[in-house]
Amino acid sequence: MILGLHPVAFWIAAGIAAALALTPLIFLALDATKKLSPELRTELWIRYKSWLILAPLMVAPLLAGRLVAILAVAVLGAMCYREFARAIGSFRHRAVSGVVVLGGVLITFAIADHWYGFFTALPSLMVSAIVIVALFEDNPKGYIQRVALGTFSYLLFGVCLGHFSYLANDRLGAPIQLAILLCVEMNDIFAYCTGKLLGQRKLAPQTSPKKTVGGALGALILTSALFATLGHLIFAGSALDRPIHLLTLGLLLSLTGQFGDLVMSSIKRDLGTKDMAATIPGHGGLLDRFDSLLFVGPALFHYIQYFRGVGADMPMRIFTWHG
Amino acid sequence: MDEWKYEPARDQHLPPDEQLKSLQREAGLPAFLTQAASRVAIRSYLKLYHRLKIIDRERLPRSAPFVMVANHASHLDALVLAAALPWGLRQRAFPIAAGDVFFHTKAAAFFSTMALNALPMWRKRCGPHALDELRARLIGEPAIYILFPEGTRTRDGRIGRFKPGLGRIVAGADVPVVPCHLDGAFRAFPPGGRFPAPVRLIVRVGVPLNFVEVSDARQGWEEVATRLEAAVSALAADALPTGP
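Residue numbers (our numbering), protein chains in the order written: chain A, 1 to 323; chain B, 1 to 244.
Derived by calculation from the structure, the hints in this document are not laboratory data. Remember, it's a predicted structure, so these values are computed and weren't measured experimentally. We treat Cβ as the ideally placed atom computed from N, Cα and C, and that holds for glycine. Honestly, I wouldn't trust all of these hints.
What the hints assert, rightly or not - List time: in silico DSS-like cross-link candidates among lysine-lysine, alpha-carbon distance up to 27 Å:
id, chain 1, residue 1, chain 2, residue 2
1, A, Lys49, A, Lys274
2, A, Lys274, B, Lys124
3, A, Lys210, A, Lys274
4, B, Lys21, A, Lys49
5, A, Lys196, A, Lys34
6, B, Lys5, A, Lys141
7, A, Lys274, B, Lys21
8, B, Lys21, B, Lys124
9, B, Lys106, A, Lys49
10, A, Lys196, A, Lys49
Stated by the list, open to error - Only part of the chain A face toward chain B is listed, based on derived beta-carbon distances under 10 Å:
id, residue
11, Glu83
12, Pro140
13, Gly142
14, Ile144
15, Leu149
16, Gly272
17, Thr273
18, Ala278
19, Gly285
Sequences are here, hints too, so could you generate the full structure?
Okay, structure coming up:
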C-alpha cells in the first residue's frame, strides 16, 4: 500500500499526474521546432486544458473509495444519458425518460448495496417498465421508436456502464477500474498514433473515415501488452495471473473499446451530427470521450467474474435486509 | 418501413452556459421537475401572501399558442400572470425577461431557467432576428409567452407606452394576444423595493385580440402596440373604484 492505495492505483494516478505536468513542456519543445501550425497549437491547448479538468475528475473518485466511485460512475452515466437523449430527441418523452433515470438510480443502488441478484434483475424489469409506461401516452404512433430508444439508452448507460461501476465492489476495485480507464484512453491514443505511422487501409470509411486497419491493429497489440502488464501486477497470485488470461483481457478491452468508439461514430453518422454536444471544449460531448468505455465494462466484468469472481469475499447486501 | 425521425434538442450544439441564454433552450427532465416545484411554491406564495385574485380567467384561450401581455410594475408580474394559467398550460409558458437582469450572470441565468422558465430579451441589442426566433418558437412549439410591452417597470405607477417590438412577434399570425391588467403590484413591490409588501394582487384578464389581419411591417407593429395599450388601459379603468 502507498498512501493507503494499492500500488498499481497509486502509480497509475501518479503517472497521469506526471503526464499532465509534462505535456506543456512537450508543447513548448514542439513550439521551438516551429513545426506546429497556429491552429493545431490552439487546438492542442484547448484539449490539454480540458484534460486538466477531466482527468482529475475521472481519477480522483476511483481513488476515493467504493461508494464515491459508484456514485461518480452513476453521475457520468446520467450525464451521458442526458446528452444522448437530447441528441436523438427522446428526452421529449418525459415518462419514458423518467423511467430510464429511475432505472439508473435503482441500478446504482443495487451496485452500492452489492446485491448482484437485483443488479441482474434490473435490465429485464426496467425494459418491462419502459414498454408499460410508454403505453400511458395512449399514442401508438411512434410507440416502437420511443420504447426502443428508451430501452437502448438504459442498456447502454445504465446496464453496460453499471458493469464498470460494479467492479468497485471488488477488493481490487480501484486498481482494476483505473487500469481499465487508463487502457481505454491509451487505446484511443495508440490507435491514433499507429494509424498516423502505419495506417493505410481504411477500417470503416463510411462510419469513421479517419480510422485505419493499421491503427486498430497497433492499438490491439499495444493496449493488450499494457493491460497484461498492469493486470499481472493487480491479479498477482490469483487464477487470472496467467499470460493467456491477461492477454485475453487486454484483447477484449482493446476490441470492445474500439467497437464502442465505432458504435458512437455510427450513431453520430445516423443522426448527421459531428459531436454529441459541446460540453467539453475540444472534445465535444462527454459521450465523444467515454464512448469506448461502454462495452469494456461488461466484457471484462464477466471474464473476471467467470475465472476469478468479483467481490466474492467482500460484504454483500450492505443496505438491504436479508434473512 | 418508415425511417425513424430524430429531432435533436435545438440547443444541442451550444456549450452548457450558452444553452441557458438561448431562445432555443429546451428543458430536460431536471428543469421540468424544478420548474414544476417552483410553480407550486410561487402560486402558494401569491395566494397566501398576496391573496391573488384572478378575474375573468375563463377568457384565456384553452390551448397554446397565445401571448399574455400586461402593464409592468414589479418583478412579481410575470409570476402572477403565469399563476393565472390553468395547470396544464403552465408548463408551456415562457416569461420573456430582461436579459440584462435575469440572464446577466451564470447564476441568474441558471435560476431564471430552472425556476422561472424565462427566455431572455436583450433590451439594448434586441435585433429583429431574436424577435423572429421568438415568433417561430411561439407558433412551432406551440408556446405561451408572457411579456410586458412597456419594456420596463413603471416608476410612477402609470402605464407607459407599449413598444412595437411585440408586433414583430404576433402581427399577421393567427395567435391570440390576451391583454391583462395587474393591480396592486406597484404598491406591493415597486422598483427599488427590497421586499414585497403583503398587498393584494388582482389580475383582470381581457378579451383576446387577434392580429392576423395586421400587416407584418412597421405600421402593423405600431398598430398592435396601440391596440394592446388601449385594451390594457381599458381594463385598468375597470380596476378603479367606481362611484363617489
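Hint check: 10 Å Cβ-Cβ cutoff, A/Leu149 to chain B: holds, 8 Å
Restraint satisfaction for A/Glu83 [CB to CB of chain B, less than 10 Å]: holds, 8 Å
Restraint status (C-alpha distance of A/Lys49 to A/Lys274 at most 27 Å): The hint holds at about 21 Å.
Given hint A/Ile144 near chain B, where the shortest CB pair must fall under 10 Å: For A/Ile144, the interface hint holds, since the closest Cβ of chain B sits about 9 Å away, which is under 10 Å.
Satisfaction of hint between B/Lys21 and A/Lys274, Cα-Cα up to 27 Å: Judged against 27 Å, a Cα distance of about 23 Å means the pair holds.
27 Å Cα cutoff - pair B/Lys21, B/Lys124: Holds: B/Lys21 and B/Lys124 sit about 16 Å apart, inside 27 Å.
A/Lys210 paired with A/Lys274 [C-alpha distance capped at 27 Å]: holds, 13 Å
Pair hint A/Lys274 and B/Lys124, alpha-carbon separation not exceeding 27 Å: violated, 34 Å
Satisfaction of the A/Ala278 interface hint, Cβ to chain B closer than 10 Å: holds, 5 Å
Pairwise hint evaluation, A/Lys49 against A/Lys196, where the allowed Cα distance is 27 Å at most: With a Cα-Cα distance of about 24 Å, the restraint between A/Lys196 and A/Lys49 holds, given a limit of 27 Å.
Hinted pair A/Lys196 and A/Lys34, Cα distance within 27 Å: With a Cα-Cα distance of about 20 Å, the restraint between A/Lys196 and A/Lys34 holds, given a limit of 27 Å.
Given hint A/Gly142 near chain B, where the shortest CB pair must fall under 10 Å: A/Gly142 check passes; min Cβ-Cβ to chain B is 8 Å, inside 10 Å.
In this structure, the hints that do not hold are numbers 2, 12, in rising order.
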